[in-house]
Every structure is written in structure tokens, then in C-alpha cells.
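Line by line, the protein sequences give chains D and G. Just so you know, my numbering puts 262 at position 262 of the first sequence, and the rest follows in order with no gaps. Just so you know, my numbering puts 57 at position 57 of the second sequence, and the rest follows in order with no gaps.
What the hints contain is simulated information worked out from the structure, not anything from laboratory work. In this text, all values refer to a predicted model and were calculated from it rather than measured experimentally. Hints may contain errors.
No distinction is drawn between identical chains; accordingly, a pair holds when it is met within one copy or between any pair of copies.
Computed cross-link-like contacts, EDC-like style, restricted to lysine to aspartate or glutamate with a CA-CA straight-line distance of at most 20 Å [what the hints assert, rightly or not]:
1) Lys233 x Asp305
2) Lys80 x Glu62
3) Lys233 x Glu246
4) Lys80 x Glu112
5) Lys233 x Glu277
6) Lys233 x Glu38
7) Lys80 x Asp305
8) Lys80 x Glu26
9) Lys233 x Asp159
10) Lys233 x Asp168
11) Lys80 x Glu267
Number of protein chains: 2
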Amino acid sequence: MLVALAGGVGAARFLRGLARVLPPTEITAVVNVGDDTELHGLRISPDLDTVLYTLAGAINAETGWGLTGETWTVMEALEKLGGLTWFRLGDKDLATHFFRTQRLAEGETLSEVTRQLTRAWGVDVHLVPVSDDPVRTRLQLVGGPEIAFQEYFVRLHHDVAVSGVRFDQAESARPAPGVLDAMATASSIVVCPSNPVVSIGPILAVPGISEVLAARREQIVAISPIVAGAALKGPADRLLTELGFESSVVGVARWYASWVGTLVIDEADAALAPAVEGEGIRCIVAPTIMSTVERAASLAQTVLDTHGD
Amino acid sequence: MLVALAGGVGAARFLRGLARVLPPTEITAVVNVGDDTELHGLRISPDLDTVLYTLAGAINAETGWGLTGETWTVMEALEKLGGLTWFRLGDKDLATHFFRTQRLAEGETLSEVTRQLTRAWGVDVHLVPVSDDPVRTRLQLVGGPEIAFQEYFVRLHHDVAVSGVRFDQAESARPAPGVLDAMATASSIVVCPSNPVVSIGPILAVPGISEVLAARREQIVAISPIVAGAALKGPADRLLTELGFESSVVGVARWYASWVGTLVIDEADAALAPAVEGEGIRCIVAPTIMSTVERAASLAQTVLDTHGD
Numbered sequence: 001m002l003v004a005l006a007g008g009v010g011a012a013r014f015l016r017g018l019a020r021v022l023p024p025t026e027i028t029a030v031v032n033v034g035d036d037t038e039l040h041g042l043r044i045s046p047d048l049d050t051v052l053y054t055l056a057g058a059i060n061a062e063t064g065w066g067l068t069g070e071t072w073t074v075m076e077a078l079e080k081l082g083g084l085t086w087f088r089l090g091d092k093d094l095a096t097h098f099f100r101t102q103r104l105a106e107g108e109t110l111s112e113v114t115r116q117l118t119r120a121w122g123v124d125v126h127l128v129p130v131s132d133d134p135v136r137t138r139l140q141l142v143g144g145p146e147i148a149f150q151e152y153f154v155r156l157h158h159d160v161a162v163s164g165v166r167f168d169q170a171e172s173a174r175p176a177p178g179v180l181d182a183m184a185t186a187s188s189i190v191v192c193p194s195n196p197v198v199s200i201g202p203i204l205a206v207p208g209i210s211e212v213l214a215a216r217r218e219q220i221v222a223i224s225p226i227v228a229g230a231a232l233k234g235p236a237d238r239l240l241t242e243l244g245f246e247s248s249v250v251g252v253a254r255w256y257a258s259w260v261g262t263l264v265i266d267e268a269d270a271a272l273a274p275a276v277e278g279e280g281i282r283c284i285v286a287p288t289i290m291s292t293v294e295r296a297a298s299l300a301q302t303v304l305d306t307h308g309d
Numbered sequence: 001m002l003v004a005l006a007g008g009v010g011a012a013r014f015l016r017g018l019a020r021v022l023p024p025t026e027i028t029a030v031v032n033v034g035d036d037t038e039l040h041g042l043r044i045s046p047d048l049d050t051v052l053y054t055l056a057g058a059i060n061a062e063t064g065w066g067l068t069g070e071t072w073t074v075m076e077a078l079e080k081l082g083g084l085t086w087f088r089l090g091d092k093d094l095a096t097h098f099f100r101t102q103r104l105a106e107g108e109t110l111s112e113v114t115r116q117l118t119r120a121w122g123v124d125v126h127l128v129p130v131s132d133d134p135v136r137t138r139l140q141l142v143g144g145p146e147i148a149f150q151e152y153f154v155r156l157h158h159d160v161a162v163s164g165v166r167f168d169q170a171e172s173a174r175p176a177p178g179v180l181d182a183m184a185t186a187s188s189i190v191v192c193p194s195n196p197v198v199s200i201g202p203i204l205a206v207p208g209i210s211e212v213l214a215a216r217r218e219q220i221v222a223i224s225p226i227v228a229g230a231a232l233k234g235p236a237d238r239l240l241t242e243l244g245f246e247s248s249v250v251g252v253a254r255w256y257a258s259w260v261g262t263l264v265i266d267e268a269d270a271a272l273a274p275a276v277e278g279e280g281i282r283c284i285v286a287p288t289i290m291s292t293v294e295r296a297a298s299l300a301q302t303v304l305d306t307h308g309d
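All chains, please: the whole structure from these sequences, using the hints.
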């Protein structure tokens, strides 16, 4: 069994490739819930949904989020009423949030509901939220208030300076059933090319997770989400810099070195491999841009081969 | 100022007629919230919405609920997931519930949100929920459990025997701001042709309402929702019988006699006028079937004229 720590788009693309080179039933993706939010009374889990829709082959490939062939009737009507529409929710996508919200209200857990959704979508990868309890990423703006993740990410287009990040309620969150066991017994653990700060960070913030991972350092491989100094998507580059790290594979290596044994960096950063190893982390150079599912599968194979060493 | 006590479809049709013969700004409709429910995390107020959509000229005239030209993308997608779909919510209609739920979550009251919605829809009649606090109609099934109103009305198509009705949480509900004043000072108070048990009942169950109404008996006119022994829509006939009253204008008269001074009955029931008056309630015979807005306006005029006496 392989365990992957996953955020949103980058993780979803990697997992789709991984599911080409490993039987999907042998993959457990432990997914960030720090991005989760409540809007209009609906329980929204953006990272779980992005991974689910991508694995189901239903993701909107252009935006990287939401469903392909989506319609926007509800949002358009809500706009006319003067409602809250900065977080766009497509009509078909809404069914997922309705399903989740109703089941949670009936007392089921987020991991149970996620299992039902993966079954409904015909996805065989095990998707598990890192916790069934709330963990909410919050960002302290420079000279401004602390705001919720989606306000930062969607409403403000992550175009504001951040001085700190914290994971609200993480200290009282428990790992979802099976998460610690899966991590403790996995043949290897992959840290997907997700934002180290706000996608992988909330996973580590759940008590018990980092302790288990610390004992598995040699089995842990991360893929750098930073290529040639920049994030392929989202604010990973900016956040690393703002929190005092470099926006480079070396900054990623430094961020991860205490618990990750191997870092896969893109060929564009090959010259930095010695500096990465200087951080005490083994470095693998490979093509990491997942522009097609074949390239994602090839990257996944590289990661699997790493562990043959 | 005229006050109308309102349930759903029958009340909505009457109010649309009334707004033709009185300036809409001089009408305050105090609307039942006993039908309100939460589904998928959404706060749904069916009677408020039916009245709103009807007054806005946007109601689906065939069904009597929901919006005209509606689409069902969300429900269809939810059905595929195996979600809860017995309560049908159209895509455009959902915007209303999103708006309401979000604003309530932000701390606004149901009456404030209702005012915003009426403004957004360009409706000038004052729509006021009887209470900003929850009141939840529950029905005791014969030989079965007690169930929530929408389970009875929609899921079971009110096709089950009922032995009792109660209005959960009514005892701790407070009348919405302005409701008692409007009732105390109205030139006349109309009880719309709504279900006496489950539409008008929850309004009376809010502490303070029936005390104010008791002092206004001579100004109160009700329109019978029972015509020729049957409800035009819904289970009013059945419920009256099950609770020990006749399903007739005489049964309605008996149900209302303690606080209603005048009952308008349909021409089809003209022969029962003496029996109605035998219940101690003044009786007016008029056409009450509101098959067009003109007929509704004509009925409204009859009600207004009654008060000229």
C-alpha cells in the first residue's frame, strides 16, 4: 500500500498518473481539509473534490477545479439577488456539497461521506480526509486581519502579503480512522507536488501525524511544487518567501528536510541538486511538469523506482 | 394598513388579487414558518417563497410552487449520487435558499432577509415571517411516529392518517418585530384561504398572537379553504376530519369561531350559510375560486367591502 499526502490540483494530477502505474486500490490519498469552508450552509471540501473529480476523469481541465461541462444557473440567480458569489459553485458540483452536507448533518463522518462519493463516482483510490474534525487554515495579512483560507485564495486571488499561517482547531483534531495505520505500514509515502505551507502543512498539524511520519523518513518522497523558482499554480512560491524560505527547490528541501528523505525536483532545477542534497535530503532529478496523464504516470513511476533503491 | 395571515399557495393567490385592489405597500402579510425546514444545510421557507414568487409574478403556475422556467441540474446530479431528492429544489429557486442561509449564518434575522428578498424581487407587499425564531409543525401519524411537516406533506404526499398536530418550539418563539403592532392597529385582518390547521395554526401558536387577535374579532375575516367539502389543494379537508371537525365550511366556521368575526364561503356552499352563522360567525357568500388574478382581485374586493359594513 502506498500513501500519498495530497492537496488540490497538483496532487490530483499526480494521483491520476499514479493510478496508471499502481492498482488504484493500493493507493491511499490522505487529503488536506484546511481549505474546507462553509458557504450558504454547505460544507465544501475543495481539495477532496478536486482529487475526486480528477480521478473520475470529470475535472474541468482548463480551470483545474470544478466539473467539466458545468453550468452556473444557481450562481447567476444568486448574483441577481445580491448574494455571495465570489466562490463560484457550479450546478453539478453543488450536488456533491448537498450530498456531503446532508450526510454530515445526519451524523456521518467526512471520511464515510468521502467513501460514498468515491464509490458513486467509480473511483477506486482510497480518498481519506486527514481528519473528520475541522481544521481551518487561516492567514495573517501584513498590516491587516487574519482571514480564512478561501478568502485569501479565492476572494483575494492570493494577491496579498502574508506574515503568518495557522491551522485553527488542528490541536483538537484527530486523524481520520485508518490514517495513522496507513502511514505506519505504507511501503512508501509520497508528498504530492502540493503547496508545502497550506496543503501539506494542515496535514502535519493534526496531532499524531508528524510523529508517525518522523519514523518513516526513509520511505518518504516529496515532489517539489516549485519549478525554476515559481509555483506552477497557486501561491506556494510567494508563501515560502513570505515565511522566510527561498522560493526554490532548495527552499522546499529546507522546509521538508526534517521528515522527508527524498525530494524529486524538475530537470529545470538540475543545477540545484547539490544544494538540495546540502540540506540533508536525497535529490532525484526528473521531468515533473504533468501536462498530460502520461507525463504524470511517468513521474509516478520515477517516484516508485526511487524506492527500489 | 391591512394584515393578512398567510400560508402558501391559496394565500399567495389571494394576496396577488389583494395587491390589485389595495396599494401593495398597505398590505402586511404575516406568513407561516411552521413548514420551514433544513435540507442539505439550506434554510428553506416554503410559504414565504411561494408568496414571494407569486407576488413577483414568477411562480410556476402549474405546480403552484417553485419558479417558472425552472431547471433541475442540481437535483439531477444529486440523484446520481444517491442523495436526498424527494424535496425538489430547482436551480433558480436554490439561489433564494443560498441567500437566506448565508445571511442567517451571518447573524441577520429571517425578517431582515425576507425584506431583502422582497426588495430584490421588486415586491412591495410587506412579507413578514410570523417569527424569526423556529416553529416547526410536526404530525403524529396514526399507529406511527411523529414526523416533520415536509416529510408528511412532500415525502408522504399527505397520504397518511394523522392523529395530532403540534408546533414544536412555538412556546419559545417571539413574534417578529412589528407583527403584534400591525395586528393591533390594522384596519382589517384577513385570514387567507390557507390550511387552518397547519398554515394558520402555527401563526396562532406563537405566544402573544392569539391574545392580540382575540381583541380584533370584529375586524377579522377568514376565507374558507374548504369548498363543497374538499380542500382545493393540500390536506386541509383530511386534517379537519382527522382532528374531529367536519370537512365543510361549517367545520371551518367551528374551527375559527372563537377569534374570527366573518367567514367568506364559496357560492357552492351557499346552502350552508345558516349553519355557518349558527356557529356564531357572520357569513358572506361569494365566488372564492381564484382561477385567475382577476377572480382573486374580485374576492379581495369582496373581503374589503365586508369591512365597510
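Cross-check of the supplied hints:
no.: 1; hint: Lys233 x Asp305; result: neither (26 Å within a copy, 70 Å between copies)
no.: 2; hint: Lys80 x Glu62; result: neither (26 Å within a copy, 24 Å between copies)
no.: 3; hint: Lys233 x Glu246; result: within (17 Å within a copy, 69 Å between copies)
no.: 4; hint: Lys80 x Glu112; result: between (36 Å within a copy, 18 Å between copies)
no.: 5; hint: Lys233 x Glu277; result: neither (25 Å within a copy, 77 Å between copies)
no.: 6; hint: Lys233 x Glu38; result: neither (24 Å within a copy, 37 Å between copies)
no.: 7; hint: Lys80 x Asp305; result: neither (54 Å within a copy, 39 Å between copies)
no.: 8; hint: Lys80 x Glu26; result: neither (47 Å within a copy, 26 Å between copies)
no.: 9; hint: Lys233 x Asp159; result: within (13 Å within a copy, 55 Å between copies)
no.: 10; hint: Lys233 x Asp168; result: neither (24 Å within a copy, 51 Å between copies)
no.: 11; hint: Lys80 x Glu267; result: neither (49 Å within a copy, 43 Å between copies)
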